[in-house]
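S.K.: Please build the complete structure, drawing on both the sequences and the hints.
In my numbering, the protein residues as written are 963 to 1599.
It is possible that part of the hints are untrue.
Unchecked claim - Below, a list of computed lysine-lysine pairs in the BS3-like style, where the Cα atoms sit at most 27 Å apart:
#	residue 1	residue 2
1	K1545	K1516
2	K1516	K1493
3	K1516	K1057
4	K1290	K1225
Hints in this document: simulated from the structure, not taken from any laboratory.
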Amino acid sequence: MLAPARTDAGWFISRNAVNFVLATLVLAIAWPAVFSTFAPYDDEAYVMMTLQTYLQGHPLYGETHTQYGPAFYQLTAPLHSFVQWPLTHFGVRSKTVFVWLVSSLLALGIVRRCTRSKIAAVTTTLLVTLQLDKLALEPGHPQELGLLCTLAIMYLVVRQPSEITRSEILPGGISQKSHRDGWCVGALAATAGMIKLNCGLVTALPLIITAAAKSPAMGRSRQALPLLILLPTLVLAWMSSGDARMLVWTLWIGGAAMWLVWKATCAPTQVAICPHAQPWRVLTTTLAAGGLATFGYLVVAALHGSTAVDLWHGIVGQHSKFSQTFLKPIDLPVAAVLILGVMVLRAARLLPRQFLATNVLDEHVRLVAFAAVATSVAGHAGLPLLHGLEPRGAGQLLAWTIPGWLIWFWGSSVAESPTKLCLALIAVLSPWIAFPVSGTQLQIGTLPGLIVLGVCFGQYLESRCLVAKDAKPTAPAVLSMALVGLAACIATAGHWWRYADGTPLGLPGTACMRLPAWIVDEQQAIVAAIKTSQAPTLLIDGHGHNRFHFWTDKAPLTAANPTFWPRMLTPREQRNLREAIEKQTQLCVVRTPQRDALYGSNAAEVRALIDNNWRLLHTVGEWQIGQLQWDDSVSFD
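M.R.: Below you can see the structure in the form of C-alpha cells.
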C-alpha cells in the first residue's frame, strides 16, 4: 500500500487559518439564512411548544405530544432550565447557527483525517455548508442533534490521523483507544436512536456489523451479518409499499448495504487482518454503552411521568401511522437515471472494451461523481428557502446514487479496511432517516454520503499526485474548489441581500429576524387581532401554528399541540382537547387557510364543537380570528 502523497504541500497555509476562514464563511451563510427564513408549516414553534410543556412537567407522550424520542428533551431542557437560554425564536435559531457551524467543522475534520488533500477537505466542507441550508426552515428541530451524533460517530471512527486504509482502525479508533471510544460511539448511537429511531438504526448497525465482521470470535457466523440489514429493509419496504418509488428505493438502499457487508465477511483473509485490535472487545463495549445509554434515557423519561405504554407508543408505535398519512417519496432525478445506467452497464461489462481493460474509468469517475454532486449543490446556492419538501441541492441525487458509487469505489476494499466498511455503511443507510417524509431530513440523511464522496475525491487527488510525482494541486482540483467557493460566495451574497431587504418582525422573542414585508404585515395583524381577545387561551383550528402562543402569551388548551393536529392527535388526545374546549367560558380561535383540507375526515367531533359555537370577529387575508362562546356575548374590544 502506497503511503499518502503530500498532496497540496505547496499550500503554505496553517491549519488554524483555514479553520478560521471556513468558520467565518459558514457563519456568514448560516446567520442570514436562518434569520431571514420563514416556514409556513411552523415545525420550529411546534418543537418549542413541546419543550415548553416538557419543562412545565407534562410527561412525554402521555401529555406532551411529540413524535421524537426522549433524548432530545432530556439533553435540551437543561440548556433552557439551568443555563436559562431563552426558549424564543432568537434563542432557538441561534442554536441552529451553532449546529450548522459545528457540523461543517466536523465534516472538515472527517475528510482531513481520511485524506491529506486540503483541497478535498475545504471543498467538501463548503458543499456540506451549502447542503445544510434547509436547517433554516426548521430551526431547533431534533434532527439537528441527531446530525451531530452521526457526524461525531464518523469523526471518532477516523479520529486517528492516518490513512483511511490502515487495517487497525476500527469503530472507535485503533486498539489502544478502542475501549474508550467504543463507549463514546455506543452512547452516541443510542442517543441518536432515542432522538429518532431510524437515526439510531443507521448508525448502530454499521458500528455493530463492522466490529463483528472483523472479530475472529464470530467465526463463520459472521456470514449471517447481512441479515441484520435484511430485517429493517423488509420492515421499511412493507411500510413504503404504498408507493412504488419509495419501495424500490428502500430495497436498493438495503440491498447495497447487504452487498457491502457480504463482500467484507466473505473475504478469505479477513480473519487475520486485525490481530491486535481486539474487535470483539470493541463490539462488546459498543453494545454495552448503547444499552446503558438507552436504559438511562428510558428511566429518566419514566421518572418524568411517562409510562411503559406511552414510551412504546411514542418511540415505536406511532410511526407506522406516519408512513400511511405523510408518505412523501423520493423522486428519481434524470441525472441519477443516467449515472445508475452507467453503473449497470459497467456491472454487466457492456461498456466499451477500452474502459473495461484499463483503470481509466475507475480513476476519473471519482472526479465526475464529485463534480456532479457539486454542481447539484451549487445550483441552488443562495436561492430562497421556501418549503422543506421542495427539492433542493443534491439530496435526491445522493439518495439514489451513493450506494452505487460506494460499491464502485470501495466494494473491493471494504474487506481490508474496517473504517471504509463502517463509513460506507453509514453513508449508504443514512438516507433512511428521510423515511417517510423526504423533506429536510433528506438533506441531512445524505450528508454522510456527501462527506464520504469528498473522501473519495481526496483519494483521487492523492493518486494523481502519486502518478505525476508532483505535490502541486492539479487543475481539476483547483477548478473544483474555485467553483464551489464561488457558489459559497453567491449563497452568502444572496442570503445577506434578502436579510438586508427584509423587514424586522418586531414580535416577542424574534430579535434579528427580518422577513419579507408582506409576511411581517400579515403576522403582526394576526397577533394584534388575537390580542384584542380577553380569552386567556388560544386554539389554532386545523393546524397548530404554535408561534402565536409565544407571540401573544395566550396558553394552549392542552400539552398536545402538533402541527397537523386533526391527523396527528390520538383518539385519547382528541377527547382531552374536546373536554378542554367545553370547560372554557371564552376561547380565542384562529381558523387557518385551507382549513377544510387540513381536517379532511379527521377530528369530526372537535370540528363540530367548534363550528357550532363559532363567532367571526376579524379577518386577515385568508385567516379568520374569532371567539368560541356558549352564549351571545363577545368580549373583543
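S.K.: Hints broken by the structure, by number, lowest first?
M.R.: 4
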